[in-house]
Structure formats: C-alpha cells, structure tokens
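Participant: Build out the structure end to end from the sequences listed, making use of the hints.
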Amino acid sequence: MIPVLNVNKIPHIVLAVDDADESILFINALANLHTPYFFTVVKNGEKLLHVLDQKDFKPDFIFMDLQIPRGSGEAWLKIFKTRKSLDTVPVILYSMSGNPEDKDYCYNVRANEYFLKVLSFLL
Numbered sequence: 224m225i226p227v228l229n230v231n232k233i234p235h236i237v238l239a240v241d242d243a244d245e246s247i248l249f250i251n252a253l254a255n256l257h258t259p260y261f262f263t264v265v266k267n268g269e270k271l272l273h274v275l276d277q278k279d280f281k282p283d284f285i286f287m288d289l290q291i292p293r294g295s296g297e298a299w300l301k302i303f304k305t306r307k308s309l310d311t312v313p314v315i316l317y318s319m320s321g322n323p324e325d326k327d328y329c330y331n332v333r334a335n336e337y338f339l340k341v342l343s344f345l346l
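Numbering-wise, the sequence shown is residues 224 to 346 according to our numbering.
If you're looking for bench data, these hints aren't it; they were derived computationally from the structure.
Taking CB as the label site, the calculated pair distances span: (1) Pro259 to Pro323: 31 to 41 Å; (2) Asp279 to Pro323: 32 to 42 Å; (3) Gly321 to Ile233: 32 to 42 Å; (4) Leu253 to Thr311: 18 to 28 Å; (5) Lys278 to Asn255: 32 to 42 Å; (6) Lys340 to Ala254: 12 to 22 Å; (7) Gln277 to Thr305: 15 to 25 Å; (8) Pro259 to Glu324: 32 to 42 Å; (9) Tyr328 to Arg293: 16 to 26 Å.
Model, not experiment: these values are computed from the prediction. Ideal Cβ positions, reconstructed from N, Cα and C, are used throughout, including at glycine.
Facilitator: Shown next, in the form of structure tokens:
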C-alpha cells in the first residue's frame with residue numbers, strides 16, 4: 224500500500240531507470256496530473272544508493288526498474304528496506320517480467336507496489 228502524502232509538502236520522487244524514454248514517459252505522466260513534484264533521476268543501482276546515502280535526504284517515493292543496471296532491483300530493494308533511514312520509504316518496482324515468482328519475491332522483501340511495463344499506450 225502506498226501512503227498518503229502530506230499535502231503541504233512537494234513530494235520528492237527518485238526515479239531509477241536506465242532508459243531515457245521511460246524517464247520522459249514517467250515525468251510527462253506526472254506532469255499531466257498538474258501537481259508539483261521534485262525529481263531525482265538515476266541510471267543505475269550504484270548511483271541510486273549514492274543519492275540515498277546523502278545526509279538528510281529521504282525521498283517520498285522510489286520508483287525503480289526491476290532490471291536496473293549494476294545490480295537487480297530486488298537486491299537494491301533488500302538493501303533499502305534493511306536501512307533504518309530508508310525502511311519507510313515506499314518503493315515501487317516495475318518490470319517486463321510477468322513471472323509470479325519475481326512479483327512475489329519483491330513483495331516479500333517489502334516492495335510497496337509492482338507494476339508490469341506496457342509496450343505501448345493507446346492515445
């Protein structure tokens with residue numbers, strides 16, 4: 224379950240995805256909601272960990288590709304959820320994998336949501 228945000232605070236989302244087109248798609252989708260957001264975009268798991276290790280930085284959400292380079296999304300999720308400073312940050316994973324075992328594993332290591340990537344959108 225994804226928690227309700229504080230309406231008096233602009234949410235900060237960390238987007239961990241190596242594909243520029245997916246980054247643009249995600250940012251454009253949120254822009255259509257006409258709600259302000261701060262974004263930090265990283266292209267691999269190591270950079271994600273570096274950003275999250277910054278003092279006093281705690282995003283409102285982490286949105287991550289399960290197949291992020293330099294480590295799997297599952298492995299990074301496990302690291303985030305074992306750190307006291309990050310264990311309450313909602314992590315939303317997405318993947319091309321429809322394998323129920325992948326989805327179950329992600330929920331077992333405390334992913335908040337798991338979505339399948341879509342190949343195209345009908346407009």
